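**Student:** All chains, full assembly: derive it from the sequences and hints.
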Amino acid sequence: MPEPFEPRIVAFFCNWCTYLAADLAGTSRLRYAPNARVIRVMCSGRIDPQFVLDAFARGADGVLIGGCHPGDCHYQEGNYKCLRRFQLLKRLASQMGIEDDRLRLEWISASEGERVRTVMNDMVEKIRALGPLGRRKEVEEEAVVA
Amino acid sequence: MKPKVAFYWCASCGGCEEAVIDLAEKVLDVVAAVDIVFWPVALDFKTKDVEAMADGSIVATFLNGAIRNSEQEEMAHLLRRKTQVLLAFGACAQLGGIPGLGNLWNRDTIFNEVYRDSPALVNPDGVFPVTEHRDNGHTLRLPKFFDTVLTLDQVVDVDYYLPGCPPTPNIIEQAIGALLSGKLPPKGSVLAPDVALCEECSRRDTKPEKLALEAFHRPSEVLIDESKCILAQGVPCLGAATRSGCGAQCVEGNMPCTGCFGPTSRVRDAGAKSLSAIASMAASNDEAEIERILAGIPDPAGMFYRYSLPASRLRRKRQEAV
Ligand code: SF4
Ligand code: FES
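Chains as they are written, first to last, in our numbering: chain A, 606 to 751; chain B, 5 to 326.
Be careful, since some hints might not be right.
Below, a list of computed lysine to any residue pairs in the SDA-like style, where the Cα atoms sit at most 20 Å apart [stated by the list, open to error]:
no., chain 1, residue 1, chain 2, residue 2
1, A, K695, B, P302
2, A, K695, B, R322
3, A, K695, B, E291
4, A, K731, B, R322
5, A, K695, B, N289
6, A, K695, B, Q88
7, A, K731, B, A325
8, B, K191, B, Q88
9, B, K214, A, R651
10, A, K695, B, A219
11, A, K695, B, G306
12, A, K695, B, G300
13, A, K695, B, D290
14, A, K695, B, D303
15, A, K695, B, M285
16, B, K214, A, P737
17, B, K211, B, K232
18, A, K695, B, S284
19, A, K695, B, R296
20, B, K214, A, E682
21, A, K695, B, E293
Since the hints were made in silico from the structure, they are not lab data. None of the values given here were measured: they were computed from a predicted structure.
**Tutor:** Okay, here's the thing in structure tokens:
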């Protein structure tokens, strides 16, 4: 029998908010789907769209971006920059056949551990329904024989 | 004995061949300095002539075009074997180029459009290309068309890259000069300056340090002021993330840079980089307003991957989604 599909999610979390919220969720023993590999960044404005595409190309089934609420970014503008990039990147991703539910942006403050749990569980559920993205296989194997 | 040189084309428009002729009278110097042993567009040599050559006997092959069918793939392998220095000539060979946008589709959807659905088509018998056809005891063969357009270096090892759609005469001259003198940079180099086009653009001083744009326009929608940075006027110009060396010809012609020279060495995914820079310029913090501003860029894949989709991180649209 093939192994059941476990979505792999790469989560880019801002150091000042969502990363702390995920930490809080952990220390308050809130259980949530263990499918995410979390990458801490100093600000959501640091997330280069290249990182996101790289994650998909290397086998992520979904990418979650977590940043500070509007007005709360430690570097003032970072999360707005992130939002602008995200909007256009989302359209590009859809042109590349990456479904909407696979790429998500959430504003989660340091105190919202519960929110991390809700978002993560919801995202894993939706991606489980979509199935694997399978880009890694496609990207690597097509290079040999088209 | 003069060094043996070959030119070949794969999936390309022919513009790269023109570019060689664009060397004008200098092309005569080139012809005098080398022995052209294969150049299908201009000289009558056949594949079997190449097959008969000793391996490694061609000093340099300039190969333009992407690889999108089995014949091109075979020729790339054959020429690689016969050649000491293989140069990916032009955007299609280097990055996939305009044909690379075919990676938003696949063989079936492209064939259906071209041989069945196109309004300009007359094909009453519904003939589609096949790889083998028998008629009267004869067998005819056609190359296999791939689902995915590939860059040259996704098929064979490439020594150097000449960027551009097509490469400009100065770039070609310098490359030939370097080859003939043996003064070649490290293998894998792109033979053009490793700085962004904005650096050599005559409008550079009019590009503000920080840009905030309230709308994006296509070049056909506005009158572009010839004295000011094109991007600052709301027309996406990709000069900030594109390699220089072209002499800013498009900007000199009052048109934005569309990125044909590809990225500098510090960029992994040219399209994502340009997208990032340009999206950040939308002058709003409000979700709906940002959306309105960015609606001025209706086709991000076509704009940011115009020449580089096969070389991008994702390479193509997901097959199941085509
Ligand atoms: S954005 Fe375009 S017009 Fe402006 S400085 Fe750069 S290359 Fe020149
Ligand atoms: S510091 Fe959290 S989004 Fe900028």
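**Student:** Confirm or reject each hint.
**Tutor:** Now for the hints, and whether the structure bears them out:
no.	hint	verdict
1	A:K695 x B:P302	holds (12 Å)
2	A:K695 x B:R322	holds (15 Å)
3	A:K695 x B:E291	holds (13 Å)
4	A:K731 x B:R322	holds (19 Å)
5	A:K695 x B:N289	holds (17 Å)
6	A:K695 x B:Q88	violated (44 Å)
7	A:K731 x B:A325	holds (17 Å)
8	B:K191 x B:Q88	holds (12 Å)
9	B:K214 x A:R651	holds (17 Å)
10	A:K695 x B:A219	holds (19 Å)
11	A:K695 x B:G306	holds (14 Å)
12	A:K695 x B:G300	holds (15 Å)
13	A:K695 x B:D290	holds (17 Å)
14	A:K695 x B:D303	holds (12 Å)
15	A:K695 x B:M285	holds (17 Å)
16	B:K214 x A:P737	violated (40 Å)
17	B:K211 x B:K232	holds (7 Å)
18	A:K695 x B:S284	holds (14 Å)
19	A:K695 x B:R296	holds (15 Å)
20	B:K214 x A:E682	holds (13 Å)
21	A:K695 x B:E293	holds (16 Å)
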